[in-house]
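Number of protein chains: 2
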Amino acid sequence: MATNTSVKADQDAPAVTEMLARFAVNHPSRGWSDEVDKEAHRTFANWVGCAIGPSTHETVVAALAAVKELSPAGQASLLGRSEKVDIANAALLNGISSHTFDFDDTHLKTIIHPAGPVASAVLSLGEHLDISGRDLIDALVIGIEVSCRVGNAIYPDHYDRGWHITGSTGMLGSAAACARLLKLDPARTQMALGIAASQPIGLREQFGTMTKPFHPGGAAKVGLMSALMAKHGYTASKRALEAPRGLMQVFSNKTDWSEITDRLGETWEIALNTYKPFACGIVIHPGIDGCIQLREQHKLKPGDIKKVTVKVHSLVLELTGKKTPATGLESKFSVYHSCAVGLIYGRAGEHEYTDEVVNSAQVLALRAKVEAIVDNSIDEASSDIHIQTTDGRALHIFVEHAIGSVQRPMSEAQLKAKFVDQSAPVLGEEKSQKAWTVASGIASCSDLKQLITSATKAP
Amino acid sequence: MATNTSVKADQDAPAVTEMLARFAVNHPSRGWSDEVDKEAHRTFANWVGCAIGPSTHETVVAALAAVKELSPAGQASLLGRSEKVDIANAALLNGISSHTFDFDDTHLKTIIHPAGPVASAVLSLGEHLDISGRDLIDALVIGIEVSCRVGNAIYPDHYDRGWHITGSTGMLGSAAACARLLKLDPARTQMALGIAASQPIGLREQFGTMTKPFHPGGAAKVGLMSALMAKHGYTASKRALEAPRGLMQVFSNKTDWSEITDRLGETWEIALNTYKPFACGIVIHPGIDGCIQLREQHKLKPGDIKKVTVKVHSLVLELTGKKTPATGLESKFSVYHSCAVGLIYGRAGEHEYTDEVVNSAQVLALRAKVEAIVDNSIDEASSDIHIQTTDGRALHIFVEHAIGSVQRPMSEAQLKAKFVDQSAPVLGEEKSQKAWTVASGIASCSDLKQLITSATKAP
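Residue numbers (my numbering), protein chains in the order written: chain A, 1 to 459; chain B, 1 to 459.
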């Protein structure tokens, strides 16, 4: 027997679907500060590099093979590759690629990876529509604002339930951004958000499998298709987000509407975006950072280390508590592996998360010496690390904010190095340098052709 | 701060993802009774008619226009139409069409409309793979078993939360059926279910808009693509359904695993399928049935009626309580409108749910005289109706089970009449008769060509 008990009936929720739709299409181009526009460029360029890096990975290859079964039209490019597919599946595949190394951006307030769902859709549709770089950045800022504000309103309850919030809010950002590029009116944009609201994507249970990077790609595709459907008059609930049975009340007990309504169009979530220096789950970063700092300060060799004790917030173990990862992908969700490679190699890039490294004797030996202890007096952005050495020393470091955080942002040089590290093995050094230059200044480009040429392989 | 409180951690759930995957690909062809096979044919033929009927409706036209923006390959046919599109979008569009009139089938135990997500995927992929009619029916039975068993395990809590259970379980049935057609092994089929588990579709908030029929179509497409991705080695959690953060625990507090594990492969949910005699929400059917019976027994004319009082379970008003529907689509969710047309016309087919009829003076006048009263002592499958006539008579009928229910199934002749009523205006009488004959005996066809030829328009 169906009853109504589990639905929290906030009948008086503000009309956020309509509000976000109006905002998405009416907010003026570059209607924000220079700092925000700069961060949008960092977001975009970092995302391009993260999509090129894994473009030959088996995850992308498998997804592309499935898409090819549809004999797709060659409408839009795949970053790092030579093929073109239809715009919806180009959004899917670029989105998958950009999250495959778990090396993309993070909106720390919600743990949303904001670029993936939005940039993937904007680039594919934008290439097809022949938009300017300015329009691309505008749509990116707007789309990310929509995803992250919805995320702010429902985090953490929604995430706690088991949803991978990147995919389950990302389709809204993608829909908003695509509606803007398609120049839909507010009413149709509201429908686009509504259609997308019926298609949230992503379970945290999938972490450690290829379906995790599917989530931002799937969200990009869903949002793009929702906008196309709305363009042609497809309808949805006008209150698809806020109604008592709208998306937000259905999938979160927390719905703080003020996170959407307050100062919309005045403050910018993209300004809070951060970029990963390490190719793994963001909550491990303070631990890796601390291990690398101790390694450098004390010239530690793996053989010097007797025991490593990492005190972290419970969320860290909840997300990245894999004690004995067997594959590169699984090791991205292991604080044990990550601290071990930080101590052994002094870095934790994609090369430190391969199947080979995961199963190397040296890594296995040090991993076994890493203990993680839950201490909820420590913030989830921090880490407290003690190392006992074989010669009896007791080393200690407390990392309040890891490198790559809002408080300790990566420099332009560091971001560029990360971009080239990922893209040069795929495209060669010269194209890679060029792609960085174009992507990091995309708003000055009258179209996207230079970007596409430098960031893909010739057919 | 993220905590774990809202996740019900049933760590010991049985391995239902694996179990369903093995079942989906290993169960023998036609491994069920004649009665089950007969019901599968009724399910399929009814679905074909329901997809042909609305094939020129603005809902289908809008969705097709969006799909055409992708320049899709002509891989699979659209029922009732002349176009072909790629298999994923053919599944989407046939699924949308089949639910547009809300006239399709219902698994009453869960209110799932089981054919839409599964048949749409099976027909599109099957046409492309050139399968036999037998294979089509096998995949349909298997896919519906998967969707409905998952539905049984989580209904009603999942539905109460606001999910449109047809779309939020249908992608699993579609994935299972497509995996079977693609002859995936159990391990890859398990991955297909896992990939699909990250993509549940559908909010009840969308009822009364075009996004409601999107749900079965979207689920069909998601399942088909998930199977194609799994075919090419894409991975997902092996416990995507049952893990503490798997789909079922994430979106329902009720998870009765025995509904999946008990007698799997021995009992068949498709045997419980029902077909709608009325083109509206199933919970209104007892009310309409009763109104039509009273009309016929007492030769009632609209002017004879002073007041109509319909006592129903609270769910009926929750789902179909629209007092003043303004459009045909909205009127399908109005017990008031539905009872009024039953009394005026003696039927409630698609023609009684047009914008014109909804706003006709006669309907408005009688609708205003219909009162619906909640009485939870009445089963949701029943209705208790009192009519006061202008000449002082007090008429009464109690309908325990409406026509079209498991207890009072539609006859073959009634099903055929429903099929032809819907399809003849689209395809002409001759093709429509032929399409019924082929669809209702599809397992005897060595391929799907006769079906496609009779159920579509020539290019």
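Worth double-checking, as some hints may not be accurate.
The list makes no distinction among identical chains, and a pair is therefore deemed to hold if it is satisfied within one copy or across any two copies.
Derived lysine-lysine pairs resembling BS3-like cross-links, with alpha carbons at most 25 Å apart [stated by the list, open to error]:
id: 1; residue 1: K322; residue 2: K238
id: 2; residue 1: K307; residue 2: K449
id: 3; residue 1: K84; residue 2: K68
id: 4; residue 1: K449; residue 2: K369
id: 5; residue 1: K183; residue 2: K369
Since the hints were derived computationally from the structure, they do not count as laboratory data.
Hints, one by one, checked against the model:
1. K322 <-> K238: Classified as between; 16 Å across copies, 43 Å inside a copy.
2. K307 <-> K449: neither (53 Å within a copy, 69 Å between copies)
3. K84 <-> K68: Cα proximity of K84 and K68: in one copy and across copies (10 Å, 17 Å).
4. K449 <-> K369: neither (51 Å within a copy, 65 Å between copies)
5. K183 <-> K369: neither (57 Å within a copy, 46 Å between copies)
In this structure, the earlier hints numbered 2, 4 and 5 are contradicted, and the remaining ones agree with it.
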